[in-house]
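Those protein sequence lines, which keep their order, are chains A and B. With the first letter of the first sequence counted as 1, position 112 gets the number 111 in numbering that gives the first Met the number 0; the numbers rise by one all the way through. With the first letter of the second sequence counted as 1, position 59 gets the number 58 in numbering that gives the first Met the number 0; the numbers rise by one all the way through.
If you are wondering where the hints come from, they were derived from the structure by calculation, not from laboratory data. All residues carry an ideal CB built from backbone N, CA and C; glycine is no exception. Take these hints with a grain of salt, some might be off.
Short derived list, chain A residues pointing at chain B, Cβ under 8 angstroms [as the list claims (entries may be wrong)]:
hint, residue
1, R71
2, K92
3, T96
4, E224
5, K225
If you want the building blocks of each chain, they are given just below.
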Amino acid sequence: MSSIGTGYDLSVTTFSPDGRVFQIEYAAKAVDNSGTVIGIKCKDGIVMGVEKLIASKMMLPGSNRRIHSVHRHSGMAVAGLAADGRQIVARAKSEATKYESVYGEPIPVKELAERVASYVHLCTLYWWLRPFGCGVILGGYDREGPQLYMVEPSGISYRYFGAAIGKGKQAAKTEIEKLKLSEMTCREGVIEVAKIIYKVHDEAKDKAFELEMSWVCDESKQQHEKVPEALLEEAKAAARAALEEMDAD
Amino acid sequence: MDSKMQQHGLLGSESDSQRTLYPYVTGTSVVALKYKDGILMAADMGGSYGSTLRYKTVERMKAIGKHSLLGASGEISDFQEILRYLDELILYDNMWDDGNSLGPKEVHNYLTRVMYNRRNKFNPLWNSLVLGGVKNGQKYLGMVSMIGVNFEDNHVATGFGNHLARPILRDEWHENLSFEDGVKLLEKCMRVLLYRDRSAVNKLQIAKITEEGVTISPPYSLKTFWGFSAFHNPTVGAEGSW
Numbered sequence: 000m001s002s003i004g005t006g007y008d009l010s011v012t013t014f015s016p017d018g019r020v021f022q023i024e025y026a027a028k029a030v031d032n033s034g035t036v037i038g039i040k041c042k043d044g045i046v047m048g049v050e051k052l053i054a055s056k057m058m059l060p061g062s063n064r065r066i067h068s069v070h071r072h073s074g075m076a077v078a079g080l081a082a083d084g085r086q087i088v089a090r091a092k093s094e095a096t097k098y099e100s101v102y103g104e105p106i107p108v109k110e111l112a113e114r115v116a117s118y119v120h121l122c123t124l125y126w127w128l129r130p131f132g133c134g135v136i137l138g139g140y141d142r143e144g145p146q147l148y149m150v151e152p153s154g155i156s157y158r159y160f161g162a163a164i165g166k167g168k169q170a171a172k173t174e175i176e177k178l179k180l181s182e183m184t185c186r187e188g189v190i191e192v193a194k195i196i197y198k199v200h201d202e203a204k205d206k207a208f209e210l211e212m213s214w215v216c217d218e219s220k221q222q223h224e225k226v227p228e229a230l231l232e233e234a235k236a237a238a239r240a241a242l243e244e245m246d247a248d
Numbered sequence: 000m001d002s003k004m005q006q007h008g009l010l011g012s013e014s015d016s017q018r019t020l021y022p023y024v025t026g027t028s029v030v031a032l033k034y035k036d037g038i039l040m041a042a043d044m045g046g047s048y049g050s051t052l053r054y055k056t057v058e059r060m061k062a063i064g065k066h067s068l069l070g071a072s073g074e075i076s077d078f079q080e081i082l083r084y085l086d087e088l089i090l091y092d093n094m095w096d097d098g099n100s101l102g103p104k105e106v107h108n109y110l111t112r113v114m115y116n117r118r119n120k121f122n123p124l125w126n127s128l129v130l131g132g133v134k135n136g137q138k139y140l141g142m143v144s145m146i147g148v149n150f151e152d153n154h155v156a157t158g159f160g161n162h163l164a165r166p167i168l169r170d171e172w173h174e175n176l177s178f179e180d181g182v183k184l185l186e187k188c189m190r191v192l193l194y195r196d197r198s199a200v201n202k203l204q205i206a207k208i209t210e211e212g213v214t215i216s217p218p219y220s221l222k223t224f225w226g227f228s229a230f231h232n233p234t235v236g237a238e239g240s241w
């Protein structure tokens with residue numbers, strides 16, 4: 000399967016003879032080159048974590064947020080081109096506030112995911128637009144409980160128990176599959192996500208990274224927020240300890 | 000119909016139906032003062048439809064974000080619209096998730112901008128707003144009128160409260176009032192308003208905001224006294240009257 004389109008990859012409105020749209024696949028490659036982003040659905044909420052690769056030592060820790068709140072009850076973690084991600088987040092915020100102002104209730108996560116996916120898909124239909132170079136993991140808590148969705152640059156959106164995008168997604172998915180998510184609380188989930196991100200981080204290729212995590216769960220009163228400092232430090236310490244144990248073997 | 004169109008000729012006839020010309024359901028005074036731990040605010044629960052006391056469970060004070068409390072007199076529907084604007088403002092502020100949140104001074108400024116800009120379009124939000132709050136130990140109490148006049152003070156009131164309550168407050172308010180003294184002072188003001196303001200209802204709430212947060216009391220009534228001797232035989236000096 001050649002991954003170079005040769006002639007059929009110049010426009011997003013061109014199919015190749017074997018039925019692929021290469022521009023969308025190239026957009027997905029932009030996502031694959033970014034730091035790993037993970038989301039898991041625990042029994043009482045969602046936990047999302049991002050491996051923020053630090054481009055320069057001059058950057059202030061805590062800047063360049065990759066996880067954004069979209070409404071009180073939901074948030075999005077973005078992988079890929081950061082500027083494209085900003086657009087998607089802005090659109091999601093706008094959809095969420097408009098829905099609430101019309102229907103009087105917070106937007107159901109399913110509805111939000113559909114709208115974001117439609118918007119991403121929109122940009123794959125016209126030759127004067129380019130596809131978004133970012134994938135998004137959307138986690139929220141509504142009347143139906145906690146839900147996790149992932150939206151890819153092609154506009155596909157599925158609901159997941161656990162999702163990963165970015166560099167270490169294969170390794171991360173394997174780790175997530177090992178977890179018993181339905182029995183885990185978000186408190187435990189935070190530690191597990193930190194461990195996975197530390198594990199899949201490639202020390203050789205990328206030096207430094209910053210861990211950013213958020214959750215929306217019963218403990219946070221169904222509000223999407225950054226994981227509290229104390230718990231975040233606890234998670235980082237546990238992750239580093241787990242890594243050392245592995246290295247010791 | 001024709002004469003009305005001619006009256007508003009200068010400002011355009013079609014757009015007239017979109018402008019606020021007069022209020023319909025109104026709330027009466029709000030009184031507020033600074034005390035030792037924060038702000039105390041009182042408002043009754045009446046919504047008048049002209050001279051009819053139509054709605055008697057209107058909550059005219061609401062918490063805004065973590066640090067502020069808003070009380071309004073005037074058109075109730077405009078108050079509800081202002082609450083929607085503030086809801087969106089606070090939501091966007093929360094979504095930054097950066098440890099910072101809008102304080103009473105910022106909210107007061109925002110409201111002043113909104114009210115003044117509406118007034119400039121000849122389409123005011125027909126309210127007098129009282130905004131109080133505490134952030135980082137600093138107490139703040141301000142007012143915005145429907146034409147955008149805004150100011151800060153140690154005690155404020157809207158509508159009739161300006162004429163009946165503020166003189167009492169000017170005499171009896173002092174720094175570092177205790178909670179009990181503050182409530183007593185507010186109740187004294189509200190009682191005068193109850194006796195003398197025809198759109199006042201004897202069902203009020205007192206709200207308190209401190210560093211810890213907002214508490215709005217459940218509705219209760221003030222004790223009134225009507226046993227004045229002059230009320231027993233009101234017509235004794237003027238036969239035939241009632």
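Hint check, failures only: none
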